[in-house]
Amino acid sequence: MSVSGRGSKLVALAASAALVLGVAACGSDDGDSGTSAGGKPDKLVLETFSEFGYDELVKQYEKDTGIKVELRKTAQLNEYRPKIVRSLATGKGVADVVALEEGILNEFKTNPANWADLTPLVKDHSTEYLPWKWELGKAADGRLIGLPTDVGSLAVCYRTDLFKAAGLPVERDAVTALWPDWPAFIETGKKYREKTGKGLLDSVTTAASAITMQIGGDIFYDAEDNIVADKSASVKEAWDTSLKMVDANITAKTATWSPEWSAGFKQGTFAATFCPSWMLGIVQDNSGPENKGKWDVAGVPGKSGNWGGSWLAVPERGKHKAEAAKLAEYLTSATSQVAAFKLKGPLPTNLEALKNPDFQSYTNPYFNNAPTGKIFGGSVEGIKPVHLGPKHQAVKEQAMEPALRAYENGEASATAAWDQFIKDAATQGAF
Amino acid sequence: MVAASARLWKTSPLTYIALVIAVLASIYPFYYMFVIATRSLDAINSVPPPITPGEAFGANFERVLDNANANFFKGVVNSVIVSSVVTVAVVLTGTLAGFAFAKLRFKGRNGLLLAIVVTMMVPTQLGLIPLWEMMQDLRWYDTLYAVTVPFLVSAFGVFMMRQYATQAVSDELIEAARVDGCSTFRIYWNVVLPALRPAAAVLGLLTFMDTWNQFLWPFAALTNENPTLQVSLAFLSYAYYTDYSQVFAATAVGTIPLLLVFVLFGRQIVGGIMEGAVKS
Amino acid sequence: MALATPARPAAPAPTGPPRHRNTGSAKRARWDMKYSPYLYIAPFFIVFGIFGLYPMVKTAWMSLHDWDLIGDHTFIGFDNYVELFKDDYFWNALVNTLGIFVVATVPQLILALFLANLLNRTRLRGKTFFRMAIFVPNITSVAAVAIVFGMLFQRDFGVVNWLLGLVGVDAIDWDAQRWSSWIAIAFMVDWRWTGYNALILLAGMQAIPRDLYEAASIDGANHWRQFWRITLPMLTPTFVFVVLLSTFGGLQLFTEPLLFGNGNMRGGTQREFQTLAMYMYEKGINSLNTAGYGAAIAWALFVLIGIIAAINLAVVRRTVK
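Sequence order for the protein chains is A, B and C.
Each residue of the first sequence is one higher than the one before, starting from 1355 at the first, in the numbering used here.
Each residue of the second sequence is one higher than the one before, starting from 2 at the first, in the numbering used here.
Each residue of the third sequence is one higher than the one before, starting from 7 at the first, in the numbering used here.
Pulled out of the complex, with its shape left as it was, chain A reads as follows:
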């Protein structure tokens, strides 16, 4: 038949052309040598999200070793995660060192073969870190896939000038005393609204995150990694408290990462946000140098808790695993952790760093000289590990927070929002 005749001609044409292209591609391979074979790499790629405070450390490392380090930063986890996923899926173009946040760590741990076992590559550091943090860096099969970077001990960042204008106390201990518990926090929000007509808190989702982490226990998953979002006590508590905050109208309804939120730091759209220590750098950069000294740090309502924190991992398919592991080791060392904390706020997990007088006596000039070393360092010991299931971050960002926001914006009733949350939790949480 003539159709097949035409077809085969085309196929032949395409095939011969593919051959030519293929040869050309092979040719270009030879020239592409970002690495000197066998020896030490010219360059290591370090993939991070948000702000780790590594800029200076990386420069130092380059000076010490002669190895160039490309520090990549992605703002939000929900953009960062797919990037890592894609590089792992195809196995090439992967970074040498990858930062994994606690909310996504367990997802990546379900395929431990993607990650290099660090045990033979670095010295034994097993006793140098917060024990639970160290343990979480291990996969089910026992291999060590992540070195601990930071934890996110909870605090509240607040604007002293706005508090003053609202007739609220300004001094950090007095502010902490304003809200021994969540109902008291809501009452403060109401007072603030009365005086200023504005929302005290940026949005209800940051509070919800804080509460789930405070209460701990099973959040979205139980110990066997079944999704239990609809039964979990911490979720229930966080949900109910969040709804009360919305009903009391104490938030500015500025969704995290939105332009309104970014602008809000400068414009004083809200006067407080929940600040795990890694958030300090974000608050600082969003508020700009002109607001230096206006922010301060106080304690959270209720008990202490942990929100966030990461590990550094080395992909199994990376070309320079040994060197990459050394870089990760360097960045998580006691001195590096203290340096990163001073620069952008991530709280050390290295026990020596936590005892370091330099760390303990550190006061943050941007935050009205708040003794952040003492504030955050003091609560680290009290942090208990919380079990986060494989897709904790996805359930939080793609199920719980959208539902809460829909309620906050008045677009969904309490039941509709809850139903949406539970439904999304089931799909987002599946693994």
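Among these hints, one or two may not hold up.
[What the hints assert, rightly or not] Rough simulated footprint, nothing fancy, chain C against chain B, three-plus residues with beta-carbon under 8 Å:
| # | segment |
| --- | --- |
| 1 | 35-49 |
| 2 | 127-133 |
[To be verified] Sample of chain A residues lacking proximity to chain C, with all beta carbon distances greater than 10 Å (derived):
| # | residue |
| --- | --- |
| 3 | K1394 |
| 4 | P1474 |
| 5 | L1475 |
| 6 | A1519 |
| 7 | A1528 |
| 8 | D1594 |
| 9 | K1680 |
Calculated directly from the structure, the hints in this document are not laboratory data.
Yeah, the Cβ is synthetic: ideal placement off N, Cα and C, and Gly gets one too.
On the provided structure of chain A, position chains B and C as indicated by the hints.
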């Protein structure tokens, strides 16, 4: 009244009012972009919105260039290279194939033309994951090959050139050249290409602008190490801390080359779209 | 082929075989005639085959699997497609895609037709200026449009809300509701494309022979009548072209709603403006273990575009004629 003016609606003051409104709506977002780009950070959040440009453009753009994460300058250079190469290739392959489809007789012509039109319907996102994987295999990830080679041909270009050639190139001329013993390629080069020039110029300009403006694929295939302009813009505006004066300054600078092209060749683009682009 | 039918059925007459006396060159000429057309169209098919068709086929293959991007691939036949039919969010994305498409395209085409008709008037001064000015939005990148309009439609300090405030309308949280988000996104799309379409329609209008109007005005037909009876019917092929281009673009809508929602694939807290392309991306790329399902969405989107294009052709041809 003369017959000539009776054939159409006449121009009234209302016509001008309506057109001026349309023009203002077209231009305001550009103007807003330049205003924000030249003001300090607070301008974007001031109410009522600023109306006049400020003097902070230099400072804003300096921050753009200092932003190591965005690699803006390299992005501009890369965009110029990629857009130029793609434009030349699309025009050449488009006119060649368009000529073949319009004026040459060969087996399977209609079927193949239909195939090309069908490819115009293919959502670009359809092959995203496999294509990305392919770039890895070819070691083209984060190189300009990744954003150039797949775009060297365009179904739209072939189709547009075919439509134009059907009407703009006279069969007699081709016949005459053939009788003179011209090869098909000579006919293309000496007869068809000159006749297609106005449409090819439009195709070239449209392709240049489209390539310059590509977002999704370059964003997936390149990193901030070796970005195109749009990727660089995304890295500026996706930062956890968004400095909008900086973003707008960069956006304005990224738009200026296109505005220049448009000021220089806008008449041809518009004329070409009107004369040649729609002989469908 | 229907699509390629020229405005006036001036059938393209391919050149017949030339008569050559010299046998050597005749042989060469015959070879030339027979094979060079394939040579000329080959670049397109080769490049498209490798970088367009192959990934598509691979996507089809993936859609038949439970495909984990960093894990196993299990063949499951058409289960993904079966699940698709039961998936509320798929239907939601479908409704959004079609809804935004209609909200954006209908006013856009009417406005484009209106502008084209204005520009087609006799003795219009500054013709070139007006044409260029309404086309200029089309030269900007989608990313730039989204950045600028994102700020214009911002809740607390945006220009649009400020303008609405002047006439007493409360600030609208544009991305919080379905209707408002659709409108904002439609604005971005229309701002960029209305002028372009107006010019194409204008070109179509100017190709209409003058004597038709002259004859009609002698018969006493007024402007509106001429518009309905002559302009619109004669504009059919151009209109088909414009509608098809809008369809291909509109159904693949991705970047505008994505950047409008601060880069979140979900498209609003309740997926108010998540399009099919975004849902595909969410399932196929953002989610590790549902790449096969994402591939199935990609194919559903492809089929949808085919169907809508066919309906477009049928409807536009019938109604305008």
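No chain C beta carbon within 10 Å of A:K1394's
holds (28 Å)
Count the residues of the segment 127-133 of chain B whose Cβ falls closer than 8 Å to any Cβ of chain C, and tell me whether that reaches three.
holds (count 6)
Count residues of the segment 35-49 of chain B with a Cβ under 8 Å from any Cβ of chain C, then say if the count reaches three.
This one holds; 6 residues, not fewer than the three required, reach chain C with a Cβ under 8 Å.
Would you say A:A1528 is clear of chain C, with no C-beta pair closer than or equal to 10 Å?
Nearest chain C Cβ is 30 Å from A:A1528, so the label holds.
Check the non-interface label on A:L1475: least C-beta distance to chain C beyond 10 Å or not.
holds (21 Å)
Confirm or reject: A:P1474 is not an interface residue toward chain C, with every Cβ-Cβ distance exceeding 10 Å.
The assertion about A:P1474 holds, with a minimum of 23 Å to chain C.
Least C-beta distance from A:K1680 to chain C larger than 10 Å:
holds (25 Å)
Does the claim that A:A1519 lies off the interface hold, with its Cβ farther than 10 Å from every Cβ of chain C?
holds (19 Å)
Take a quick look at A:D1594 and tell me if its Cβ sits farther than 10 Å from every Cβ on chain C, holds or violated.
Answer for A:D1594: holds, closest chain C Cβ roughly 19 Å.
Checked against the numbered hints listed earlier, the structure breaks none of them; every hint is satisfied.
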